[in-house]
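Each chain, letter by letter, is given below.
Number of protein chains: 2
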Amino acid sequence: MEVEEIKKLLESKKYNVLKEELKKVNSADIPALLEDLDKEEVIKLFRILPKEQAGEAFSYMDPYMKEKLIQDLTDAELKNILDELFMDDTVDLIEEMPSNVVKKILRAVNKQDRKVINELLQYPEDSAGSIMTTEFVDLKETMTVEQALQRIRDIGIDSETIYNCYVLNSNRILLGTVNIKEILISKPTTIIKNLMATNIISINTTDDQEEVTKLFDKYDYFALPVVDNENRLVGIVTVDDAINVIQDEVSEDFEKMAAISPNEEGYFKTSVFKHAKNRILWLLILMLSATITGGIITKYEEAFATVPLLVAFIPMIMGTGGNCGSQSSTLIIRGLATDEIKLNDVFRALWKEFRVSVIVGIILAIVNAIRILILYKNSQLALVIGFTLIATVMLAKALGCLLPLLAKRFKLDPAIMASPLITTLVDIFSILVYFQIATAIMGL
Amino acid sequence: MEVEEIKKLLESKKYNVLKEELKKVNSADIPALLEDLDKEEVIKLFRILPKEQAGEAFSYMDPYMKEKLIQDLTDAELKNILDELFMDDTVDLIEEMPSNVVKKILRAVNKQDRKVINELLQYPEDSAGSIMTTEFVDLKETMTVEQALQRIRDIGIDSETIYNCYVLNSNRILLGTVNIKEILISKPTTIIKNLMATNIISINTTDDQEEVTKLFDKYDYFALPVVDNENRLVGIVTVDDAINVIQDEVSEDFEKMAAISPNEEGYFKTSVFKHAKNRILWLLILMLSATITGGIITKYEEAFATVPLLVAFIPMIMGTGGNCGSQSSTLIIRGLATDEIKLNDVFRALWKEFRVSVIVGIILAIVNAIRILILYKNSQLALVIGFTLIATVMLAKALGCLLPLLAKRFKLDPAIMASPLITTLVDIFSILVYFQIATAIMGL
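Line by line, the protein sequences give chains L and A. With the first letter of the first sequence counted as 1, position 238 gets the number 238 in the numbering used here; the numbers rise by one all the way through. With the first letter of the second sequence counted as 1, position 266 gets the number 266 in the numbering used here; the numbers rise by one all the way through.
Excised from the complex, chain L in its bound form:
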């Protein structure tokens, strides 16, 4: 549906036509349409939407649009929307809004929900508890399939998913899971206990959300149960939320690996000053570290005064060292993120990188030696560059492998040990090695 068409229908007050047209639009696509309407039109269109579609469309909006809309809605209208939202979306909303909007939201929420919201708000940021929702189908193990289906019909409409149902005892301890497929294809008299799977994969409320995404990646589930320390079921995380978490975590890793302070807002939504602020800190740290390399160079002034050609190879040696280091660190960081590499794999990884670096170093040294012999006919220089490259590659790959694992060991995010930091460190060592080898071989 085109924005122009909507504007026309709103102007000519053809609200019923508009309502029918909007039914054909997916709720997730409504926010993009609203973006091009003016304030009056937005609220008019939003009032035309059926309750369910309005709630869904609202949950897909960005915080800025949500805030503006809430300020324009009456308390009753807001209440209707909040009724449609799942608890995790309501909690996210409250976390994103400024305090005056939060007050308006809490006014529109009923007492019982307010209690649940307060509990959910207390889970640490990025924990499983903070992304779970409390609307799920709970069954008893003594129920028959027929009773279970009735229970699903009774509470299913308010549940985020009915695909996985959870079997609890009277203390709300999780005994097993059963999925709707098994319930539907079983006889009405079958007892749930005989259907449920007891090899439950569950997460704790305080587990990191990254652990949650790893479980979704490993086990092909649509939802995972979240339990408290007493193994009582308190919520579920659905796979659609896990996908959003994966994308957020990946973006954060990309940013950290490019020496940017992580930022949850989108690229265009972030102001120029915020962008500059997110980038300047690491640039300053890395710039000052680079002056160490500069300091080393000044120590060898005499060497390059005698053989000025030595300076010409600095960019190539530093560049190759940096690239080799970031290749290794990227593979290790990614391996740690996907659980393919574990902390105690350190010697295995180091041994692998060592062998790779010998092969890569020798090939690079030979290619360079040929180039230097042809261009400068200087075999001493070919030797210097060759040895320097082999040493630099080996060192770069060892650092690229070790530093992310060390970070992990000390419970830091391995992603900060990525290209920029490793490049700067490798620079220092490679320049030192270069001039040491050069002065030794060339007798400077």
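Among the hints, a few may not be true.
Heads up, the list lumps identical chains together, so a pair's fine if it works in one copy or across two of them.
BS3-like, lysine-lysine: derived pairs with alpha carbons at most 27 Å apart [unchecked claim]:
1) LYS39 / LYS111
2) LYS140 / LYS24
3) LYS193 / LYS181
4) LYS181 / LYS140
5) LYS8 / LYS104
6) LYS342 / LYS13
7) LYS187 / LYS140
8) LYS218 / LYS269
9) LYS13 / LYS51
10) LYS51 / LYS66
11) LYS181 / LYS103
12) LYS8 / LYS181
13) LYS187 / LYS23
14) LYS66 / LYS19
15) LYS66 / LYS218
16) LYS408 / LYS342
Simulated from the structure, these hints should not be mistaken for lab results. Predicted model only: the values in this text are computed from it and were never measured.
Model the placement of chain A on the given structure of chain L, informed by the hints.
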């Protein structure tokens, strides 16, 4: 369950105890247990597993383990496992296995399935068709809820998901979707046509799998319908497969961005020679480009013979330029991957990067000027470095912004325009600018 325990139970032939113990293990965790058993034990344990668990466990194995196991299984055992696999897993299996194993697999598949497999094998790699499965629940719009439930019971057991059901006409054209929740909470006499949603989000068989993951990210679905060019429903992609695709695509992006040829095998599974091969190509390309920077430096031999201190600032200028460039390119590449930045945003992005680079450049220039004035009391040098930094940062951010967008424009993967390539390009320009400014201001 511990491997030692399994070995003991196998040795003492307590197969029934073992079978009961294994029931408590999630199928996805079985392959890890098998890894530490020897060949004889693996096949023994696998024969103990119930049919369904054996099939599930098999689908979670890595290609190497699958191949070994298939060679040890009888044709009848293999047939049992293939019966348990969904069509997409069978097709993946055939694509991964060497030709002699493929022959054994095709022998165990019935005629009808073989036809479907051949069709699925013809979709291009990484297309929606290549990751979809053909087992889904299809309904007619004239069915009542009661008839629909019966249909689900009849074919649901073989469907990968019954959560989303698809309403087709007699030509198998997709008319709408209805989810099990709506069916269950509706009256038995309700007609499906009145329940189904017609604002369908579907994908074409030839769409790229990355597009599929974007749809899962945007619309919170558990499954997406895949249609052919005539809008006939031919399969579905489930969200668990989408998560695997997301992780694979992200790993590929990380590798490309670190100048590594993408590799689908895991870090430890890849041989040392393969690792070296994946890394050497880009290293050689980047190394040879770095010699251009070296060539420029030799042109200014006289300049640094007169002011040797100039050489000491080369690492800092090159490093800062590279870091600024990779900050920008990473943000743009990630924005393109998540659809937040579009091709026609090029001027908007460039304008943003321009303003960020002015702020960042000036701050870096000031910090350096202070450092130089204190350390060397040389205001000319402070000016040279300051101007060079500002120019380098602006250029680096412009290139970091433009090159990924250009790559996208020419249908190349933006990820290849990441840090290493941009760093090398920025190096060339920054050294050129540096010595131009130095010779101009210092009158060299």
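> Between the shortest in-copy and the shortest cross-copy C-alpha distance, which are at most 27 Å for LYS342 and LYS13: within, between, both, or neither?
Replying inline: Cα proximity of LYS342 and LYS13: none, with 63 Å in one copy and 34 Å across.
>> I want to check one pair: LYS39 and LYS111. Are their C-alpha atoms no more than 27 Å apart within a copy, between two copies, both, or neither?
In response: Answer is neither; intra-copy 32 Å and inter-copy 61 Å both fail.
>> At most 27 Å between CA atoms: does that hold for LYS187 and LYS23 within a copy, between copies, both, or neither?
In response: between (38 Å within a copy, 23 Å between copies)
> Should LYS66 paired with LYS218 be assigned to within, between, both, or neither, using CA atoms and 27 Å as the limit?
Replying inline: between (35 Å within a copy, 17 Å between copies)
> Using 27 Å as the alpha-carbon threshold, which applies to LYS51 and LYS66: within, between, both, or neither?
Replying inline: Classified as within; 16 Å inside a copy, 50 Å across copies.
> Is it within, between, both, or neither for LYS140 and LYS24, if the alpha carbons may be no more than 27 Å apart?
Replying inline: Result: close only across copies, 20 Å inter versus 40 Å intra.
> Is it within, between, both or neither when you check LYS187 against LYS140 at 27 Å Cα-Cα?
Replying inline: Result: close both inside a copy and across copies, 17 Å intra and 25 Å inter.
>> At most 27 Å between CA atoms: does that hold for LYS193 and LYS181 within a copy, between copies, both, or neither?
In response: both (15 Å within a copy, 22 Å between copies)
>> Treating 27 Å as the Cα threshold, decide for LYS66 and LYS19: within, between, both or neither.
In response: within (21 Å within a copy, 54 Å between copies)
> Under a CA distance limit of 27 Å, which applies to LYS218 and LYS269: within one copy, between copies, both, or neither?
Replying inline: Answer is between: at 18 Å across copies they meet the 27 Å cutoff, but 34 Å inside does not.
> Should LYS8 paired with LYS181 be assigned to within, between, both, or neither, using CA atoms and 27 Å as the limit?
Replying inline: The answer is neither: 46 Å in one copy and 37 Å across copies each exceed 27 Å.
> Can you tell me if LYS13 and LYS51 fall within 27 Å by alpha carbon in one copy, between copies, both or neither?
Replying inline: within (20 Å within a copy, 62 Å between copies)
Hints 1, 5, 6, 11 and 12, counting from the list given before, are not met by this structure.
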